[in-house]
Amino acid sequence: MKLLAVSDLHVAYEENRTITEGLRPESDDDWLIVAGDVGEMSSDIEWALGLLRERFAKVIWVPGNHELWTPKDDPVQLRGVERYDYLVEMCRRLDVVTPEDDYPIWDGEGGPAVIAPLFLLYDYTFRPEGTHNKEEALAKAHEAGVVCTDEYFLFPDPYPSREAWCEARVELTEKRLSALPPDLPTVLINHWPMVREPTRVMYYPEFAQWCGTVLTADWHTRFRSACSVYGHLHIPRTTHYDDVRFEEVSVGYPREWKKWGRSEGWLRQILPVKP
Numbered sequence: 001m002k003l004l005a006v007s008d009l010h011v012a013y014e015e016n017r018t019i020t021e022g023l024r025p026e027s028d029d030d031w032l033i034v035a036g037d038v039g040e041m042s043s044d045i046e047w048a049l050g051l052l053r054e055r056f057a058k059v060i061w062v063p064g065n066h067e068l069w070t071p072k073d074d075p076v077q078l079r080g081v082e083r084y085d086y087l088v089e090m091c092r093r094l095d096v097v098t099p100e101d102d103y104p105i106w107d108g109e110g111g112p113a114v115i116a117p118l119f120l121l122y123d124y125t126f127r128p129e130g131t132h133n134k135e136e137a138l139a140k141a142h143e144a145g146v147v148c149t150d151e152y153f154l155f156p157d158p159y160p161s162r163e164a165w166c167e168a169r170v171e172l173t174e175k176r177l178s179a180l181p182p183d184l185p186t187v188l189i190n191h192w193p194m195v196r197e198p199t200r201v202m203y204y205p206e207f208a209q210w211c212g213t214v215l216t217a218d219w220h221t222r223f224r225s226a227c228s229v230y231g232h233l234h235i236p237r238t239t240h241y242d243d244v245r246f247e248e249v250s251v252g253y254p255r256e257w258k259k260w261g262r263s264e265g266w267l268r269q270i271l272p273v274k275p
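Mapped onto full-length UniProt numbering, the consecutive letters of the sequence shown carry residue numbers 1 to 275.
Errors might be hidden in some of the hints.
[What the hints assert, rightly or not] Here are the simulated lysine-lysine pairs, PhoX-like style, with alpha carbons at most 25 Å apart:
# : residue 1 : residue 2
1 : Lys274    : Lys58
2 : Lys2      : Lys58
3 : Lys274    : Lys2
[As the list claims (entries may be wrong)] Between beta-carbon pairs, the in silico distance windows are:
# : residue 1 : residue 2 : range
4 : Gly50     : Glu135    : 17 to 25 Å
5 : Tyr253    : Arg200    : 41 to 49 Å
6 : Val201    : His132    : 34 to 42 Å
7 : Lys258    : Thr149    : 17 to 25 Å
8 : Arg255    : Val214    : 13 to 21 Å
Please keep in mind that the hints were generated in silico from the structure rather than gathered at the bench. Heads up, the beta-carbon is just placed ideally off N, CA and C, and yes, glycines get one too.
Throw the hints in and build the complete structure from the sequences for me.
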């Protein structure tokens with residue numbers, strides 16, 4: 001029985017769709033974390049999560065920015081919170097765990113541990129050097145020609161801004177995590193990294209402002225994290241901060257993984273910890 005993880009499947013790409021079709025458990029008891037960016041189109045998201053749920057004993061999903069987009073050619077034209085709620089209900093029909101459900105308890109080897117899927121967004125506080133607010137950070141990104149597509153397709157309705165939506169999600173999630181049993185470790189799952197450090201290696205530092213919030217900088221220690229699972233950066237690797245393991249588990253775009261190559265499989269083992 002293993003807890004496995006993957007993110008950023010981006011199944012709109014045919015090569016990534018083939019990768020997704022090939023994802024299988026090693027045993028009938030394996031769980032799978034899907035840490036966001038399955039795709040943009042609602043039908044693609046449902047196809048991928050439905051396929052994985054048929055194969056794995058439990059599937060835990062958190063939204064990425066791509067799921068929250070409202071593409072002009074998607075029949076589902078819901079925006080912001082309404083789109084997120086639609087995806088949550090889709091997952092419930094598929095028997096996929098979401099950030100709105102009770103956190104499951106991992107009782108396999110390496111447990112017990114609370115598996116906590118989170119939806120926190122970002123608030124432009126991972127700013128480029130030399131900038132002091134969102135306006136300056138965005139101006140520098142536009143000057144560099146590095147602007148996230150979220151600015152055009154990820155709507156925060158009914159919140160006035162994406163950072164306001166982020167603040168509300170952080171407040172809600174903090175209360176839930178604070179109420180957990182203090183003797184249980186957690187596996188924190190969020191599409192965006194929960195600390196700033198992983199973004200320091202990005203080729204375009206201006207992009208970091210769309211990658212998280214400083215409000216969660218101590219959550220990995222405060223909430224007893226055995227591992228923090230994330231994606232979004234398309235830089236798959238294992239790092240440690242404050243002696244806590246962080247796993248970036250993305251597949252990424254074909255042009256990226258074809259260039260880098262992969263020495264291991266697409267699924268990362270979270271629990272039990274590999275020796």
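Verification of the supplied hints:
Restraint check for Lys274 and Lys58: the C-alpha separation of about 21 Å stays at or below 25 Å, so the hint holds. Between Lys2 and Lys58 the CA atoms are separated by roughly 11 Å; this keeps the pair inside 25 Å, and the hint holds. Under the criterion of a C-alpha separation no larger than 25 Å, the hint pairing Lys274 with Lys2 is consistent with the structure, at around 10 Å. Taking the beta carbon of each, Gly50 and Glu135 are about 42 Å apart, not inside 17 to 25 Å as hinted.
Separated by about 21 Å at the C-beta atoms, Tyr253 and Arg200 break the suggested range of 41 to 49 Å. Checked against the hint of 34 to 42 Å, the C-beta distance between Val201 and His132 comes to roughly 23 Å, which is inconsistent with it. The supplied range of 17 to 25 Å is met by Lys258 and Thr149, whose beta-carbon atoms lie about 21 Å from each other. Arg255 and Val214 have their C-beta atoms about 31 Å apart, which leaves the hinted 13 to 21 Å range violated.
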